[in-house]
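K.L.:
Sequence:
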Amino acid sequence: MLDETGRSITYLRLSVTDRCNCRCRYCMPAAGVEKVCHSDVMGLEEMAVVVAACARLGVTKVRITGGEPLARLGVERLVAMVRSVPGIEEVAMTTNATLLAPKARALADAGLDRVNVSLDSLDPDRYRAITRTGSLDDALAGLAAAREAGLGPVKVNAVLMGGVNEADIRPLAGLARDGAVASVRFIELMPIGEAASWPRASFVPAERVLEELPDLAPVGADGVSETFSAPGWRGTVGLIRPMSHRFCSGCNRIRVTADGMLKACLHSGREVPLRGLAPDALVRVIADEIHRKPERHAMDADHASQSARAMNAIGG
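Every letter in the sequence shown is one number past the one before it in the numbering used here, and letter 107, counting from 1, is 107.
Derived by calculation from the structure, the hints in this document are not laboratory data. Fair warning: this is a prediction, and the values are worked out from it, not measured in the lab. Glycine is no exception: its CB is placed at the ideal position from the N, C-alpha and C atoms. Among the clues, some could well be false.
As the list claims (entries may be wrong) - Pairwise CB distance ranges (calculated):
| no. | residue 1 | residue 2 | range |
| --- | --- | --- | --- |
| 1 | 45 | 212 | 44 to 52 Å |
| 2 | 284 | 111 | 25 to 33 Å |
| 3 | 38 | 217 | 48 to 56 Å |
All chains, please: the whole structure from these sequences, using the hints.
P.N.:
Here is the structure:
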């Protein structure tokens, strides 16, 4: 389906939980999130119905997100349910990978195509400081298990934080250079949730990656990621620049939160409830929101996201 600016909306990011076993500083408060009743979160069958409605409107790709999606009981069954929806061609997942090693094979068997792994540092102490509770060994084991299970091409996502992990640019990019992963994408920190009040120095432009790795040259684009590589590299480096280079004109996605709210734009405060709607009514509501999808977000270096939720509650 096309929105009113002519963008074709083919991509749903479906959050299955706002909970996470890590507490990344830019994403969640140190104490974690307030627990909610089981009934306040969509059941797996409800989520599958939402996916089916989106598929009727032209969505072909679903990414399962969180919080940490592997913290949601039964996520393997949800993957199988989403995979069985007519029209869905790709099922992916974004995960911190710390819970992935024992589940990778079951997820692949259920129909998961590939994973993106959130990994902001390859230094064990720095990784622990960023995640507050995470183990780098567990994350790397999950990364290896994903490759072994065929959940690829595996991509790593790293959020750039000034004064925190700039020293990790070269080591993380080395994962792509050596072919351990297909791509390492560096993402500009956004002023949303916990990071909304961070000092300006925390927001490092992705150009910093090219300064650190001057041999990189453009080789194209992959969705919202500008892609670079260099002679002898087996993989690529991606730059995702929501702050310095808006890519709203190419946005093809919508988001649904674990409690059943539709967000046509990540940084908009507008949310529309989907729970309790019959299938045809669900299609109409989603179609209306797609049509009303904002042309661009208002977030920039001087204006925080208008979203009332942090990333863990929206879906990373």
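K.L.:
Confirm or reject each hint.
P.N.:
Right, here's what the structure says about each hint:
1. At about 47 Å, the CB distance of residue 45 to residue 212 agrees with the hint of 44 to 52 Å.
2. Taking the beta carbon of each, residue 284 and residue 111 are about 28 Å apart, inside 25 to 33 Å as hinted.
3. Remark: the range hint 48 to 56 Å for residue 38 to residue 217 is upheld by a beta-carbon distance near 51 Å.
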